[in-house]
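Student: Single-letter residue listing:
Protein chains: 2
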Amino acid sequence: MYTPSLEKLSSELSRLPGIGPKTALRLSYFILRSPKDYVTALSEALVDVKNKVKLCEKCYSYTEQVLCRICLDPNRDNNLLCIVENPSDIPQIDSSGAFKGRYHVLHGVISPMEGISPRDLKIEPLFKRVQASKGTEDQINEVVLALDADLEGDTTALYIAKTLKTYDINVTRIAHGIPIGGDIDYIDHRTLGRALENRVQI
Amino acid sequence: MYTPSLEKLSSELSRLPGIGPKTALRLSYFILRSPKDYVTALSEALVDVKNKVKLCEKCYSYTEQVLCRICLDPNRDNNLLCIVENPSDIPQIDSSGAFKGRYHVLHGVISPMEGISPRDLKIEPLFKRVQASKGTEDQINEVVLALDADLEGDTTALYIAKTLKTYDINVTRIAHGIPIGGDIDYIDHRTLGRALENRVQI
Numbered sequence: 001m002y003t004p005s006l007e008k009l010s011s012e013l014s015r016l017p018g019i020g021p022k023t024a025l026r027l028s029y030f031i032l033r034s035p036k037d038y039v040t041a042l043s044e045a046l047v048d049v050k051n052k053v054k055l056c057e058k059c060y061s062y063t064e065q066v067l068c069r070i071c072l073d074p075n076r077d078n079n080l081l082c083i084v085e086n087p088s089d090i091p092q093i094d095s096s097g098a099f100k101g102r103y104h105v106l107h108g109v110i111s112p113m114e115g116i117s118p119r120d121l122k123i124e125p126l127f128k129r130v131q132a133s134k135g136t137e138d139q140i141n142e143v144v145l146a147l148d149a150d151l152e153g154d155t156t157a158l159y160i161a162k163t164l165k166t167y168d169i170n171v172t173r174i175a176h177g178i179p180i181g182g183d184i185d186y187i188d189h190r191t192l193g194r195a196l197e198n199r200v201q202i
Numbered sequence: 001m002y003t004p005s006l007e008k009l010s011s012e013l014s015r016l017p018g019i020g021p022k023t024a025l026r027l028s029y030f031i032l033r034s035p036k037d038y039v040t041a042l043s044e045a046l047v048d049v050k051n052k053v054k055l056c057e058k059c060y061s062y063t064e065q066v067l068c069r070i071c072l073d074p075n076r077d078n079n080l081l082c083i084v085e086n087p088s089d090i091p092q093i094d095s096s097g098a099f100k101g102r103y104h105v106l107h108g109v110i111s112p113m114e115g116i117s118p119r120d121l122k123i124e125p126l127f128k129r130v131q132a133s134k135g136t137e138d139q140i141n142e143v144v145l146a147l148d149a150d151l152e153g154d155t156t157a158l159y160i161a162k163t164l165k166t167y168d169i170n171v172t173r174i175a176h177g178i179p180i181g182g183d184i185d186y187i188d189h190r191t192l193g194r195a196l197e198n199r200v201q202i
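Protein chains in written order, with the numbering used here: chain Z, 1 to 202; chain C, 1 to 202.
Source of the hints: derived by calculation from the structure; they are not laboratory data.
Check each hint, because a few of them may be wrong.
Any copy, or any two copies together, can satisfy a pair, since identical chains are not distinguished.
Claimed, not checked - Okay, derived cross-link-like pairs now, EDC-like style, lysine to aspartate or glutamate, Cα gap no bigger than 16 Å in a straight line:
1) K8 <-> E44
2) K52 <-> E7
3) K8 <-> E137
4) K100 <-> D150
5) K8 <-> D188
Full structure from sequences and hints, please.
Tutor: As structure tokens, then:
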């Protein structure tokens with residue numbers, strides 16, 4: 001390549017996750033051949049998303065208003081709160097149809113390795129939110145932790161559970177086990193171990 | 001997702017080649033979490049590439065000037081011209097180190113199926129360029145066709161060769177055959193057939 005602007009675009013694109021230098025170059029050539037309308041639209045969409053999207057003041061999910069659509073929805077169970085790591089977890093959980101409560105986004109998990117402490121997450125606002133609901137008709141009775149079953153997820157779940165239990169709240173965690181349709185022969189030992197520990201009466 | 005600007009970005013990104021809706025959504029979330037500086041830089045790089053990059057007036061490769069770097073390079077063999085389909089083929093061929101001549105980009109190949117005729121390509125300027133060089137000290141003596149060995153590539157190569165031969169020019173084509181390190185057991189029949197046809201004396 002002998003064109004600084006093409007090299008620049010290629011290098012910016014290769015900073016995206018899963019986009020290596022070869023893919024970035026291929027995308028750059030595609031953009032160069034694309035109609036100007038499309039490139040303008042993509043460029044504006046990038047800036048727009050940063051300018052318009054902010055965190056919901058209640059649950060810290062993404063919204064373009066003060067509160068997000070789920071927090072504003074009157075047909076949800078205020079007594080049930082699901083804790084997730086990222087805003088992207090919410091549509092995933094919601095599309096299962098098995099949860100009709102509210103959400104709270106931590107924006108990460110506790111990770112001493114990466115220097116992420118509870119202070120860096122939306123954990124304090126969670127505690128405040130739960131406490132503030134006490135005695136009101138919207139009192140949060142159960143907090144469901146929907147975090148990954150890795151070291152950081154487990155640490156974060158335990159940390160949150162420890163504090164919330166002092167508030168006299170039912171703290172639960174989504175089940176980890178064999179996926180539906182999963183073949184026991186091919187499941188890793190840790191998942192199988194967890195599935196056995198968490199066995200349920202039939 | 002409940003944020004129009006996030007959905008918009010996701011839909012624009014999913015129009016890129018090799019980026020499906022899931023990857024587009026993942027990239028959108030990444031962009032939302034990225035520093036504003038990066039997003040601005042990426043957005044500007046997109047617009048810049050469309051505004052700044054144009055076609056070299058001589059070889060039709062990409063450049064930000066009137067002529068591209070290869071056309072301006074005084075240390076290249078003017079008598080040798082390599083014909084490629086796309087500007088992206090040039091760095092590929094150049095990095096082999098086996099070609100030190102000039103290039104000419106067709107911007108496609110003849111394809112009756114897709115309705116692409118010689119008129120839609122930079123074939124006429126190629127003929128003019130070759131003719132204009134005649135009798136000068138930069139006379140083009142050999143044209144090397146570096147096109148894919150598929151139906152469209154073959155058609156285009158034959159079309160160009162037919163006209164150029166009337167100009168009394170040596171027209172060659174890059175060799176197609178077994179790749180270096182390729183195992184004959186795993187090579188397709190067409191490549192093997194071509195490798196046999198084009199066998200060389202040792």
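Student: Confirm or reject each hint.
Tutor: Results of checking the hints against the structure:
1. K8 <-> E44: between (18 Å within a copy, 10 Å between copies)
2. K52 <-> E7: Between copies only: 12 Å across chains, 29 Å inside a chain, cut-off 16 Å.
3. K8 <-> E137: neither (56 Å within a copy, 38 Å between copies)
4. K100 <-> D150: Intra 26 Å, inter 55 Å, cutoff 16 Å: neither.
5. K8 <-> D188: Neither. Shortest intra-copy (43 Å) and inter-copy (38 Å) distances fail the 16 Å Cα cut-off.
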